[in-house]
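Visitor: Below, each chain spelled out in residue letters.
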Amino acid sequence: MESLTAIIVGVLVAASVYLMLAPSFLRFLFGLILLSNAANLVIFASGRMTEGAPALVPEGASAPTGVVGNALPQALVLTAIVIGFGLLAFTLALAFEAYRRLRTLETEEMREAEPVEGGEETRA
Amino acid sequence: MAEDTDPNAPWITFAGIAPAAITAALFVWFLGHAPTIAAGGSIRWAWDWIPSLQVTLSFWLDGLSLMFALLITGIGALVMLYAARYLAGHKQFARFALYLFLFMLSMLGLVLADNLIALFVFWELTTFTSYLLIGFSHADPKSRRNALQALLLTAAGGLALLAGFILLGLTQGTFEISVLNAGGSLAGSAWYLPILILVLLGAFTKSAQVPFHFWLPNAMAAPTPVSAYLHSATMVKAGIYLLARMHPSLSGSEVWLWTLTLFGGVTTVFASIMALRQIDLKQTLAYTTLMALGTLTMLLGGSSGYAITGAMAFLFVHSLYKAALFLTIGLVDHATGTRDADVLGGLARVMPITALAAALAALSMAGIPPFLGFIAKEVAYSGATGSPLWPLVILLALAANALMVAVAAIVAWRPFFGPQGRLPRVPHEGPWAMLLGPVILAVLGLAFGLLPGLAALIIEPAVNAVMGTPDTGGRLKLWAGFNLPLLLSVVTLALGAVLYLRHQTLRERIARLEARGPDFDAGWDRLLEHFMAVAKGQTRIIQTGRLRDYMFVTFGVLLAAIVSGLLARNVGGLELALAGLSVREWGVAGLIVAGTVATLLTSSRVTAIVALGVVGIGVALIFIIYSAPDVAITQLLVELLIVVLFAVAALKLPMLDREGVQRHRPLDAVLAVGVGAATTVVLMLVTQAPFDRRLTEFFEASSYPDAHGRNIVNVILVDFRTLDTFGEIAVVVVAALGAYALLKGGRSLVRRSGDAAEEENK
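Chains A and B, in that order, are what the protein sequence lines are. Residue 234 is where the first sequence starts when you use my numbering, and the numbers rise one by one after that. Residue 17 is where the second sequence starts when you use my numbering, and the numbers rise one by one after that.
These are calculated hints, taken from the structure and not from any lab test. Even glycine gets a Cβ: it sits at the ideal position worked out from N, Cα and C. Treat the hints with care, as some may be off.
Which chain B residues face chain A? A few, computed with CB under 8 Å, are given here [as the list claims (entries may be wrong)]:
{"hint": "1", "residue": "Ala110"}
{"hint": "2", "residue": "Met567"}
{"hint": "3", "residue": "Leu592"}
{"hint": "4", "residue": "Ala593"}
{"hint": "5", "residue": "Leu617"}
{"hint": "6", "residue": "Ser620"}
{"hint": "7", "residue": "His680"}
{"hint": "8", "residue": "Arg681"}
{"hint": "9", "residue": "Pro682"}
{"hint": "10", "residue": "Ala693"}
{"hint": "11", "residue": "Ile728"}
{"hint": "12", "residue": "Leu758"}
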């Protein structure tokens, strides 16, 4: 399954790169969502994938019996999912506010803090 | 210069007295070591600083560093006392005193440091503190500009010096100067030439050799005590000190001899001619300092005992008389309000003590017996006659010394004994605190001349330190018999007298010549303008201000890094283990890919959000199948939240494509596929490599016994990595607060700017 996951991750990354290069900021956000999914899968697959054996310690034992899923990457991915969500929510708020002020989400036109193209110093 | 000062203000304050007192105490302390050093000893202190890089904070007190230390602390104490009175009542005097004191300490560190890197650090500290001192009158744009010029030029030289030092230390295996020098000349080393060029760049910029000379006269924007201290006695001599310090290691080659002789010689003659041309007495002195630095460089080009003795004696006497002369010019300026050579005259009647100090210092400068300046000049001539390039050196030295006689007369004779012009103020004698320095320094020039054995106690150990062997230098004698140097002295005086008598006509001719020659100062400004233009141009190219360009470069670099890494490691074939996967796995994969493709292709916001949700659920399914139920639950919840958030927000946001159709971007597609493929390859390589389960086994074994939890993932999150989880919560809270502030605060802002826009329309 690791090979198939690697291919899925490749598709996700390729799509997210394409979206993040898009002129619409909304598409950039979609790319961000896909990229964070891809990153989580990379962490998960790097710890190897075990089918149907959650990392639990059975009653009466002091350690899992038999091979169970790798708990460490799961813990890392849990953290990553939550942080990814925080990032996304904040970026969405940014986009929302940016659109309200600039009336556009085309990144080529969002040049509030950038020099005027081909010109000098200050904005008109 | 002293316009912000109040002569009646109390000057005996902490800031006025403490630096001078501490510096005087240091002087006495160093003087206490003089007998040990004169007897051929040396003292070393060392502390580890960055042992892994062989950087030690080591200090080495030998003849050369002692002479410099005595000059720095001795003249320093007198100048600080003088400055306390000169700048009395100045609002920022405490700041000035601090800068000057810090400069003194940096300079001391520079001449005492035995480690190349430590020396460099102190070297840069002197650059930095002198920048603050030159730019002290910061309200004056000219002063700021000149300070910046000195900083940029000497710091650029400092960088070259650092490179040279590192090269020197790495190729020779030690950064300790005393060890390096004990090893003798490096002229045979393959790295000799690059090291020499880099070190000389540092020395020549610091000691203002042509063509790096122009910052020094400009540095006269500083208050006069600074000019007296930094730009005659100490900082500009740092380059000379470096040449003397590294003499045992770096001299002894044709390159050294020719480079130093030519650069020094050109500087000497150029500066002497320019000195004649100046009207402002302070500028005249600045150019004579330049001349002295040139002569010192020229003499250090040689390796004979006389050349080195000449250099050390001249360095010593020059520090004495030049500081004295600068301080007397300051007194004259303070008393009369002008430094114009054509206006000043006849001041000896009202300022007898100042006149006496100026006369004594000038006689030493002109090299009249029995002053120390005469002895130094004789020894320097002896050194010149012994040089392999003697005809050139003698001619240059003769011309420079003759011009020096004329300048001495201009600076010290005319203002005090010549005809009086119309002065801006009624002159008066200076206060004792300002007279003390010039008088002591000027009298010392006479005393050492009458008792050359006393001067030799300081100068000869310095010569021995440079030569590396004792008793190889020339002797300091007031009467050395009828010889070539004496004859040269007589010619010098005669020539000097003629030059003085005709200096006003000469000045006009030189001014005409100067107008036709290259203007280094304006060239510097043009150079800076070019730098700015290049910086602006490259910023325009690199910083396009387009998000897409930045993302493209970021992903492009990522791809290049991965690919070159894979190529460099020459990884073997990949095994695509896809056999044996059930319909379930293929189904999930199909779901994710379908959602991704739909997100890519659609122009509808709603479709995209739904498709993203499908991808998220597909990923959650993978987590469920592969033993990660906790992760799957979190993923599902977050996915749900994202869909809700987007559904609320995105519908208020604009359409994805204004024209309704998505533009195709083939170049972006190529890059995207590249990065995706590279990620797949890397992940497959990772999963095919042998796996290290040690960490996982630790958590499995200790989860229940240590943390009493049966769900290992949870135990890791809340016990073993509690702080990380806490950080994660903090991140979410910060993001929530930020989003709240944006959505809430933004509204009122928009309303306000909207109002403003409306008002503008009215």
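Visitor: With 8 Å as the cut and Cβ atoms as the points, is Ser620/B at the interface with chain A?
Guide: Check failed: Cβ of Ser620/B comes no nearer than 11 Å to chain A, outside 8 Å.
Visitor: Have a go at the Leu758/B hint: is there a Cβ in chain A nearer than 8 Å to its own Cβ?
Guide: 5 Å, holds
Visitor: Given Arg681/B was flagged as interface, is its beta-carbon under 8 Å from a beta-carbon of chain A?
Guide: 7 Å, holds
Visitor: Under the criterion of a CB-CB separation shorter than 8 Å, is His680/B in contact with chain A as hinted?
Guide: 11 Å, violated
Visitor: Ala693/B was flagged as interface toward chain A. Is the shortest Cβ-Cβ separation under 8 Å?
Guide: Cβ of Ala693/B sits 6 Å from chain A, so the hint holds.
Visitor: Report holds or violated for the interface hint on Leu617/B, using the least CB-CB distance to chain A and a cut-off of 8 Å.
Guide: 10 Å, violated
Visitor: Hint Ala110/B vs chain A: min CB-CB distance below 8 Å?
Guide: Given a least distance of 39 Å, the restraint on Ala110/B is violated.
Visitor: Quick check on Ala593/B please, does its C-beta sit within 8 Å of some C-beta on chain A?
Guide: With Cβ-Cβ at 5 Å, under 8 Å, it holds.
Visitor: So, Ile728/B near chain A? Judge it on the closest CB pair being under 8 Å.
Guide: At about 4 Å, which falls below the 8 Å cut-off, the nearest Cβ of chain A leaves the hint on Ile728/B intact, so it holds.
Visitor: Interface hint check: Met567/B, Cβ to nearest Cβ on chain A, cutoff 8 Å. Holds or violated?
Guide: 5 Å, holds
Visitor: Taking 8 Å as the limit, does the beta-carbon of Leu592/B come near enough to a beta-carbon in chain A?
Guide: Because about 5 Å separates Leu592/B from the closest Cβ in chain A, which is inside the 8 Å limit, the hint holds.
Visitor: If you take the shortest Cβ to Cβ gap from Pro682/B to chain A, is it below 8 Å?
Guide: Because about 11 Å separates Pro682/B from the closest Cβ in chain A, which is outside the 8 Å limit, the hint is violated.
In terms of the numbered hints stated before, the structure departs from hints 1, 5, 6, 7, 9, listed from lowest to highest.
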